[in-house]
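**Student:** One letter stands for each residue in the lines below.
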Amino acid sequence: MFEELRKPGGKLKLAVPRGALLEEVLDLLDSIGIETAEVRGDSRSLVFDGGELIMVTMRPSDVPTYVSAGAADLGITGKDVLLEQSDRPVYELVDLGIGPCRMVLATQKGDVAPSEHQRRLGMMKIATKYKRIAEEYFAEQGRQVELVEVKGSIELAPLVGLADGIVDLVATGRTLAENNLEVREEILSSTGRLVANRVSYRIRRDEVDDLADRLRQVVSGSPGES
Amino acid sequence: MIRPIPPGTRDVLPDEMRELRAIQSALLGTFENAGFREVRTPTLEYADALEMADRRSADSAYRFFDERGEMLALRTDMTIPIARLVADRYRDLDPPHRLSYFANAYRAVTPQRGELREFGQAGIELIGVPGPEGTAEVVELLDRSLSAVGLDQAVIGLGEDGLWTALLQDSGAGPETIERSSELLVSHDLVGVERSLRESDELDETAIAQATRLIQLRGGIGILEEARSFGGTGFAEVLDRLTQNFEAISARSLNREVLLDLGMLREIGYYSGSTIEVYDDAVGDVIGGGGRYDDLMNRFGMDLPAAGFTLYIERIHKAQLERGRDV
Chain F
241 MFEELRKPGG KLKLAVPRGA LLEEVLDLLD SIGIETAEVR GDSRSLVFDG
291 GELIMVTMRP SDVPTYVSAG AADLGITGKD VLLEQSDRPV YELVDLGIGP
341 CRMVLATQKG DVAPSEHQRR LGMMKIATKY KRIAEEYFAE QGRQVELVEV
391 KGSIELAPLV GLADGIVDLV ATGRTLAENN LEVREEILSS TGRLVANRVS
441 YRIRRDEVDD LADRLRQVVS GSPGES
Chain C
-9 MIRPIPPGTR DVLPDEMREL RAIQSALLGT FENAGFREVR TPTLEYADAL
41 EMADRRSADS AYRFFDERGE MLALRTDMTI PIARLVADRY RDLDPPHRLS
91 YFANAYRAVT PQRGELREFG QAGIELIGVP GPEGTAEVVE LLDRSLSAVG
141 LDQAVIGLGE DGLWTALLQD SGAGPETIER SSELLVSHDL VGVERSLRES
191 DELDETAIAQ ATRLIQLRGG IGILEEARSF GGTGFAEVLD RLTQNFEAIS
241 ARSLNREVLL DLGMLREIGY YSGSTIEVYD DAVGDVIGGG GRYDDLMNRF
291 GMDLPAAGFT LYIERIHKAQ LERGRDV
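Chains as they are written, first to last, in the working numbering: chain F, 241 to 466; chain C, -9 to 317.
What the hints contain is simulated information worked out from the structure, not anything from laboratory work.
Please read these numbers as outputs of a predicted model, since none were measured by experiment.
Where hints are given, some of them may not hold.
Which residues of chain F face chain C? A partial, calculated answer using Cβ under 10 angstroms [said to hold, decoys possible]:
1) Arg246
2) Gly249
3) Thr305
4) Leu333
5) Val334
6) Ile338
7) Asn437
8) Arg438
9) Val439
10) Ala452
11) Arg454
What the simulated footprint calls covered on chain F by chain C, stretch by stretch (three residues with Cβ under 8 angstroms from a Cβ of chain C suffice, anywhere in the stretch; the number is not a length) [to be verified]:
12) 307 to 321
13) 412 to 421
Using N, Cα and C, we set each Cβ at its ideal position, and we do this for glycine too.
Throw the hints in and build the complete structure from the sequences for me.
**Tutor:** This is the structure in structure tokens:
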């Protein structure tokens, strides 16, 4: 299998996101007949043979990097990741409807509304992992912000005074609530998407279309609904 | 201590240099045999002159003032400088003009993406031969050029600018919907395209189904049959143009099949009519591109149809190396 990984041709390579989306992705793949038991196990491997295709597992935010470079032919990741990395060209083929979440602006409970804060001070300090999305959101509204890029547990930033608020992804909102934060504005909503490399989309078109069609059928509703 | 060079530029050492030279002589030889003669234009041009062609395409990342305060720019491709050259130097000569080049061009890069700030391009411009025959000549030479550098597996994709707009117009979409969905299509967001059509509320279900199907159609002559039932007279006219181009290309003996791609929409602003992209699955990126730009010469005051292609030298080289691993 390892020899096959670097050769053009051979089985399609699908970038599978580890983390919150993983379970749902594997369930989807199971339902179209791809062998996922090994990925579910506690193996330290990063590469798995799923029968008709090879699964390469990685962080969701690395999926556009691998797929745009052609190191993986296809991939699954969140729309939030695709928007944040919109300069990495990939074909976005199917809305899989999995892992629904919202990108929000949140501040501490009891704080004045961000818009009020803005009006008084003319400027806000916002901590985020999603610099591009946050930048575009505030720029569109003509609001001045200073973005502080942090890598993990963004909820911490406003609690200790690093920032006035955060732009982050929420699914259930539990982490926010437990850290005394509340949603003030909703920026966008996101679900998992099937993406394809631009060259694979052409050269391996029959296999790519076949996989996309099967996933589309499994996903409830017609393509494009979420 | 190491003295760095700017990100996106590189030193080429002798072994690689020899391989790049081999690509150069194979390509220039192929161009020459087909009657395309090499020209060179200055690396630096007046920014104004480049922008006459197309503001966005010519938007050089590297501009500065000369000793008289004129703004100079590093070229972003060779097509615009050659259009300028032909318009000014070939004014009294009868077309067609067949020219080729092997030169560096310059673009801005995103750090740490392996993008090149300075990159090599080899290509041809066929100026003064219109429609199907001109396009077919360009594609035939592209086919031979790819074979000359050993890329027999590379695929030529052929699209037609205007298909998308025509289908949407026939379906009753307004200018805003057309613009919004075109932007999404250029960024390859097919999920977003469908959503934008639905949200506009201007298209019925049949029209949406046709539009989302159209942009996924890529393959041989068979896909034209399916597309023929789409849209109205406006769309049929553009599709006829593509069919004629494809037939003219098919009449020539090529080393590879040409892949029709009805969803191809290129970002470069001066294209009109046929669009061309080149793929090799050893490289995850497009290794070349081109098409028709029948309005470009007009912007330099000369009314001539034109078409051409360019190959990205570093990616051609990479494809050769990846293929070499196979044997």
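**Student:** Does the interface hint hold: is Ile338/F within less than 10 angstroms of chain C, judged Cβ to Cβ?
**Tutor:** violated, 13 angstroms
**Student:** Using the nearest Cβ pair, does Asn437/F come within less than 10 angstroms of chain C?
**Tutor:** holds, 5 angstroms
**Student:** Could you check if Val334/F really has its C-beta closer than 10 angstroms to a C-beta on chain C?
**Tutor:** At 7 angstroms from the nearest chain C Cβ, Val334/F passes the 10 angstroms test, so the hint holds.
**Student:** Can we keep the Leu333/F interface hint, with Cβ of chain C closer than 10 angstroms?
**Tutor:** holds, 6 angstroms
**Student:** Taking the closest Cβ pair, is Val439/F under 10 angstroms from chain C?
**Tutor:** For Val439/F, the interface hint holds, since the closest Cβ of chain C sits about 5 angstroms away, which is under 10 angstroms.
**Student:** Tell me if Arg246/F is really an interface residue toward chain C, meaning its C-beta lies closer than 10 angstroms to one of theirs.
**Tutor:** Where the cut-off is 10 angstroms and the nearest Cβ of chain C is about 7 angstroms from Arg246/F, the hint holds.
**Student:** Does the closest beta carbon of chain C sit nearer than 10 angstroms to the beta carbon of Thr305/F?
**Tutor:** holds, 9 angstroms
**Student:** Hint Gly249/F vs chain C: min CB-CB distance below 10 angstroms?
**Tutor:** Since chain C brings a Cβ to about 7 angstroms from Gly249/F, closer than 10 angstroms, the hint holds.
**Student:** Taking the closest Cβ pair, is Arg438/F under 10 angstroms from chain C?
**Tutor:** holds, 7 angstroms
**Student:** For the region 412 to 421 of chain F, count the residues whose Cβ lies under 8 angstroms from any Cβ of chain C; is that count three or more?
**Tutor:** Result for this restraint: violated, n = 0.
**Student:** Taking beta carbons only, do three or more residues of the region 307 to 321 of chain F come closer than 8 angstroms to chain C?
**Tutor:** Three-residue rule met by the region 307 to 321 of chain F, so holds; n is 4.
**Student:** Are Ala452/F and chain C close enough, Cβ to Cβ, to be under 10 angstroms, as the hint says?
**Tutor:** Given a least distance of 9 angstroms, the restraint on Ala452/F holds.
The structure fails to meet hints 6, 11, 13 from the earlier list, while all remaining hints are met.
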